[in-house]
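Take 1 as the starting number for the sequence shown in my numbering and just add one per residue.
Listed below are the simulated DSSO-like cross-link pairs for lysine-lysine, each with C-alpha atoms no more than 30 Å apart in a straight line:
| no. | residue 1 | residue 2 |
| --- | --- | --- |
| 1 | Lys8 | Lys21 |
| 2 | Lys23 | Lys8 |
| 3 | Lys151 | Lys21 |
| 4 | Lys23 | Lys151 |
Rather than coming from a laboratory, the hints here were simulated on the basis of the structure.
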Amino acid sequence: SYDSTNNKVLIVFADQGDSDKIKAVVGTVSGTDITFGSETEVYNSGNNTFIDVAYSPDDDRHFVVFRDSSNYLRGLILQISSGSVSNVNGSSSALSMRSDGGNQTTAQRNSICYDTSSDVFVVAFIDTNNSSYGTVVTADISGNSATISSKVVYNSGNTYDNVIEYSAANNKFIVGYRDIGNSNYPTAIVGSVSGTTPSFAGSETVVASVASEEYGSAYDTNADRFILVYRNETVDGGNYAVGTVSGDSITFATPVVFNAVQTSD
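Starting from the given sequences, assemble the full structure and let the hints guide the process.
See the structure below:
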(Lines of atoms letter the chains of each structure in order from A and count residues from 1; the text may use other names and numbers.)
(Lines give C-alpha, C1' and ligand atoms only; values in the text may rest on other atoms or scores of the structure.)
Protein backbone atom coordinates (compact mmCIF):
# COMPACT_ATOMS: atom_id res chain seq x y z
CA SER A 1 0.00 0.00 0.00
CA TYR A 2 1.10 3.57 -0.67
CA ASP A 3 1.56 5.84 2.36
CA SER A 4 0.88 9.36 1.07
CA THR A 5 1.71 10.98 4.44
CA ASN A 6 5.24 9.58 4.57
CA ASN A 7 5.66 9.07 0.80
CA LYS A 8 6.53 5.41 1.36
CA VAL A 9 5.43 2.06 0.01
CA LEU A 10 4.51 -0.69 2.47
CA ILE A 11 4.66 -4.37 1.54
CA VAL A 12 3.07 -6.87 3.92
CA PHE A 13 3.59 -10.61 3.50
CA ALA A 14 3.59 -14.03 5.11
CA ASP A 15 7.19 -15.22 5.47
CA GLN A 16 7.11 -18.83 4.30
CA GLY A 17 10.66 -19.26 5.59
CA ASP A 18 9.49 -18.37 9.10
CA SER A 19 6.23 -20.26 9.70
CA ASP A 20 4.15 -17.76 7.68
CA LYS A 21 4.48 -15.07 10.32
CA ILE A 22 3.36 -11.67 9.04
CA LYS A 23 6.16 -9.26 8.22
CA ALA A 24 6.34 -5.84 6.60
CA VAL A 25 8.96 -3.80 4.80
CA VAL A 26 9.04 -0.09 3.92
CA GLY A 27 10.13 1.04 0.45
CA THR A 28 11.27 4.47 -0.69
CA VAL A 29 10.91 5.48 -4.34
CA SER A 30 13.44 7.83 -5.92
CA GLY A 31 12.97 8.43 -9.62
CA THR A 32 12.61 4.96 -11.11
CA ASP A 33 14.42 3.21 -8.25
CA ILE A 34 13.13 1.75 -5.00
CA THR A 35 15.09 0.88 -1.86
CA PHE A 36 13.86 -1.12 1.11
CA GLY A 37 14.49 -1.02 4.82
CA SER A 38 14.71 -4.06 7.07
CA GLU A 39 11.90 -6.58 7.45
CA THR A 40 9.80 -6.07 10.56
CA GLU A 41 7.75 -8.80 12.22
CA VAL A 42 4.30 -7.28 12.81
CA TYR A 43 2.48 -10.45 13.89
CA ASN A 44 4.46 -13.24 15.53
CA SER A 45 1.91 -16.06 15.37
CA GLY A 46 2.33 -18.28 12.34
CA ASN A 47 0.32 -20.01 9.60
CA ASN A 48 -1.30 -16.87 8.18
CA THR A 49 -2.74 -16.64 4.68
CA PHE A 50 -4.84 -14.43 2.36
CA ILE A 51 -3.16 -11.16 3.36
CA ASP A 52 -4.16 -7.79 1.92
CA VAL A 53 -3.45 -4.20 3.01
CA ALA A 54 -4.70 -0.66 2.31
CA TYR A 55 -3.85 2.80 3.65
CA SER A 56 -5.96 5.56 5.22
CA PRO A 57 -4.45 9.05 4.84
CA ASP A 58 -7.15 10.38 7.20
CA ASP A 59 -5.94 8.11 10.02
CA ASP A 60 -2.33 7.70 8.85
CA ARG A 61 -2.75 3.97 9.35
CA HIS A 62 -2.36 0.90 7.18
CA PHE A 63 -4.93 -1.82 7.83
CA VAL A 64 -4.05 -5.44 7.15
CA VAL A 65 -6.58 -8.25 6.85
CA PHE A 66 -5.60 -11.91 6.91
CA ARG A 67 -6.71 -15.42 7.82
CA ASP A 68 -5.04 -16.75 10.95
CA SER A 69 -4.11 -20.30 11.92
CA SER A 70 -7.69 -20.94 13.08
CA ASN A 71 -9.02 -19.69 9.71
CA TYR A 72 -10.52 -16.60 11.36
CA LEU A 73 -10.50 -13.21 9.65
CA ARG A 74 -8.20 -10.88 11.59
CA GLY A 75 -6.88 -7.33 11.31
CA LEU A 76 -3.68 -5.42 12.10
CA ILE A 77 -3.20 -1.65 12.36
CA LEU A 78 0.25 -0.61 11.13
CA GLN A 79 1.94 2.78 11.13
CA ILE A 80 5.11 4.08 9.51
CA SER A 81 7.25 6.44 11.56
CA SER A 82 10.75 7.61 10.66
CA GLY A 83 10.90 5.02 7.91
CA SER A 84 10.04 2.09 10.19
CA VAL A 85 6.77 0.19 10.48
CA SER A 86 5.12 -1.18 13.61
CA ASN A 87 1.92 -2.87 14.73
CA VAL A 88 0.40 -0.18 16.95
CA ASN A 89 -1.07 -2.89 19.20
CA GLY A 90 2.13 -4.94 19.49
CA SER A 91 3.39 -7.80 17.34
CA SER A 92 1.51 -10.43 19.36
CA SER A 93 -1.85 -8.69 18.88
CA ALA A 94 -4.42 -9.08 16.09
CA LEU A 95 -7.89 -7.56 16.02
CA SER A 96 -11.18 -9.40 15.82
CA MET A 97 -13.07 -8.72 12.60
CA ARG A 98 -16.54 -9.30 14.04
CA SER A 99 -18.87 -6.54 15.15
CA ASP A 100 -19.40 -8.06 18.60
CA GLY A 101 -15.67 -8.60 19.13
CA GLY A 102 -15.85 -12.39 19.07
CA ASN A 103 -14.09 -14.75 16.73
CA GLN A 104 -15.05 -14.08 13.14
CA THR A 105 -16.53 -16.89 11.13
CA THR A 106 -13.87 -18.56 9.04
CA ALA A 107 -12.86 -16.66 5.93
CA GLN A 108 -10.66 -16.80 2.87
CA ARG A 109 -9.73 -14.78 -0.26
CA ASN A 110 -9.69 -11.54 1.75
CA SER A 111 -9.41 -8.21 -0.08
CA ILE A 112 -9.48 -4.64 1.21
CA CYS A 113 -9.92 -1.08 -0.05
CA TYR A 114 -10.21 2.32 1.62
CA ASP A 115 -13.35 4.44 1.21
CA THR A 116 -12.08 8.04 1.26
CA SER A 117 -15.56 9.55 1.62
CA SER A 118 -16.75 7.51 4.59
CA ASP A 119 -13.24 7.15 6.10
CA VAL A 120 -13.59 3.40 6.53
CA PHE A 121 -11.89 0.32 5.14
CA VAL A 122 -14.13 -2.08 3.24
CA VAL A 123 -13.16 -5.75 3.49
CA ALA A 124 -14.47 -8.40 1.11
CA PHE A 125 -14.10 -12.07 1.98
CA ILE A 126 -15.59 -15.50 1.48
CA ASP A 127 -17.56 -16.51 4.58
CA THR A 128 -16.82 -20.23 4.74
CA ASN A 129 -19.05 -20.64 7.79
CA ASN A 130 -21.99 -19.31 5.79
CA SER A 131 -22.04 -21.53 2.70
CA SER A 132 -19.06 -19.61 1.19
CA TYR A 133 -21.21 -16.54 0.53
CA GLY A 134 -19.44 -13.41 -0.70
CA THR A 135 -19.47 -10.96 2.20
CA VAL A 136 -18.22 -7.51 3.22
CA VAL A 137 -17.64 -5.64 6.47
CA THR A 138 -16.24 -2.19 7.18
CA ALA A 139 -13.49 -1.32 9.64
CA ASP A 140 -13.55 2.18 11.15
CA ILE A 141 -10.11 3.05 12.53
CA SER A 142 -9.78 5.33 15.53
CA GLY A 143 -6.25 5.61 16.86
CA ASN A 144 -5.16 2.09 17.75
CA SER A 145 -8.56 0.43 17.59
CA ALA A 146 -11.09 -0.54 14.94
CA THR A 147 -14.88 -0.77 15.00
CA ILE A 148 -16.22 -3.50 12.74
CA SER A 149 -19.63 -3.37 11.07
CA SER A 150 -22.10 -6.23 10.78
CA LYS A 151 -21.58 -8.57 7.84
CA VAL A 152 -23.39 -7.83 4.57
CA VAL A 153 -23.71 -10.52 1.88
CA TYR A 154 -23.09 -9.44 -1.72
CA ASN A 155 -23.55 -12.89 -3.30
CA SER A 156 -25.80 -15.41 -1.56
CA GLY A 157 -24.21 -18.38 -3.26
CA ASN A 158 -20.94 -20.23 -3.49
CA THR A 159 -18.28 -17.58 -4.17
CA TYR A 160 -14.51 -17.48 -4.60
CA ASP A 161 -11.62 -15.28 -5.77
CA ASN A 162 -13.13 -11.96 -4.66
CA VAL A 163 -11.28 -8.65 -5.09
CA ILE A 164 -12.34 -5.12 -4.12
CA GLU A 165 -11.48 -1.60 -5.28
CA TYR A 166 -12.80 1.90 -4.49
CA SER A 167 -13.82 4.65 -6.91
CA ALA A 168 -13.57 8.10 -5.34
CA ALA A 169 -15.15 9.69 -8.42
CA ASN A 170 -18.31 7.62 -7.92
CA ASN A 171 -18.07 7.18 -4.14
CA LYS A 172 -18.60 3.46 -4.68
CA PHE A 173 -16.66 0.26 -4.17
CA ILE A 174 -16.61 -2.60 -6.66
CA VAL A 175 -16.30 -6.27 -5.82
CA GLY A 176 -15.17 -8.67 -8.54
CA TYR A 177 -15.65 -12.36 -7.86
CA ARG A 178 -15.94 -15.85 -9.26
CA ASP A 179 -19.56 -16.93 -9.05
CA ILE A 180 -19.25 -20.67 -8.55
CA GLY A 181 -23.04 -20.97 -8.48
CA ASN A 182 -23.16 -19.53 -12.00
CA SER A 183 -20.64 -21.68 -13.89
CA ASN A 184 -17.61 -19.91 -12.35
CA TYR A 185 -18.33 -16.80 -14.43
CA PRO A 186 -16.38 -13.63 -13.58
CA THR A 187 -18.87 -11.26 -11.99
CA ALA A 188 -18.90 -7.81 -10.37
CA ILE A 189 -21.20 -5.77 -8.16
CA VAL A 190 -21.16 -2.16 -6.98
CA GLY A 191 -21.63 -1.19 -3.33
CA SER A 192 -21.55 1.91 -1.18
CA VAL A 193 -21.08 2.89 2.45
CA SER A 194 -23.47 5.05 4.47
CA GLY A 195 -21.85 6.03 7.73
CA THR A 196 -20.09 2.75 8.41
CA THR A 197 -22.73 0.44 6.91
CA PRO A 198 -22.05 -1.21 3.53
CA SER A 199 -24.90 -1.97 1.15
CA PHE A 200 -25.62 -3.12 -2.40
CA ALA A 201 -28.45 -1.38 -4.24
CA GLY A 202 -27.74 -2.68 -7.74
CA SER A 203 -27.58 -6.09 -9.36
CA GLU A 204 -24.53 -8.16 -10.18
CA THR A 205 -22.99 -7.98 -13.66
CA VAL A 206 -21.54 -10.98 -15.47
CA VAL A 207 -18.25 -9.91 -17.02
CA ALA A 208 -17.98 -12.81 -19.48
CA SER A 209 -19.69 -16.17 -19.94
CA VAL A 210 -16.52 -18.20 -19.36
CA ALA A 211 -15.26 -20.20 -16.41
CA SER A 212 -12.62 -18.23 -14.53
CA GLU A 213 -10.28 -18.22 -11.55
CA GLU A 214 -7.23 -16.47 -10.00
CA TYR A 215 -8.33 -12.85 -9.87
CA GLY A 216 -6.55 -9.52 -9.59
CA SER A 217 -7.83 -5.95 -9.83
CA ALA A 218 -6.96 -2.27 -9.83
CA TYR A 219 -8.76 1.04 -10.13
CA ASP A 220 -7.45 3.58 -12.64
CA THR A 221 -8.21 6.99 -11.08
CA ASN A 222 -7.20 8.92 -14.23
CA ALA A 223 -9.50 6.98 -16.57
CA ASP A 224 -12.04 6.31 -13.79
CA ARG A 225 -12.21 2.61 -14.66
CA PHE A 226 -12.19 -0.67 -12.75
CA ILE A 227 -9.89 -3.37 -14.16
CA LEU A 228 -10.56 -7.03 -13.45
CA VAL A 229 -7.90 -9.61 -14.32
CA TYR A 230 -8.56 -13.34 -14.34
CA ARG A 231 -7.62 -16.64 -15.91
CA ASN A 232 -10.00 -17.87 -18.58
CA GLU A 233 -10.28 -21.58 -17.77
CA THR A 234 -11.54 -22.43 -21.27
CA VAL A 235 -8.21 -21.57 -22.90
CA ASP A 236 -6.12 -21.35 -19.67
CA GLY A 237 -5.01 -17.85 -20.68
CA GLY A 238 -4.93 -14.48 -18.97
CA ASN A 239 -7.77 -12.03 -19.58
CA TYR A 240 -8.64 -8.55 -18.40
CA ALA A 241 -11.86 -6.57 -18.62
CA VAL A 242 -12.38 -2.84 -18.13
CA GLY A 243 -15.48 -1.77 -16.20
CA THR A 244 -17.29 1.58 -15.99
CA VAL A 245 -19.34 2.45 -12.92
CA SER A 246 -22.62 4.31 -13.35
CA GLY A 247 -24.77 4.78 -10.28
CA ASP A 248 -25.19 1.40 -8.61
CA SER A 249 -24.19 -0.66 -11.64
CA ILE A 250 -21.10 -1.47 -13.68
CA THR A 251 -20.71 -2.37 -17.34
CA PHE A 252 -17.71 -4.04 -18.97
CA ALA A 253 -16.09 -3.75 -22.35
CA THR A 254 -15.28 -6.97 -24.21
CA PRO A 255 -12.53 -8.82 -22.29
CA VAL A 256 -9.03 -8.72 -23.75
CA VAL A 257 -6.53 -11.59 -23.83
CA PHE A 258 -3.17 -10.39 -22.50
CA ASN A 259 -1.55 -13.83 -22.45
CA ALA A 260 -2.88 -16.56 -24.71
CA VAL A 261 -1.01 -19.44 -23.07
CA GLN A 262 -1.20 -21.01 -19.61
CA THR A 263 -1.41 -18.24 -17.04
CA SER A 264 -1.37 -18.30 -13.24
CA ASP A 265 -1.49 -15.74 -10.42
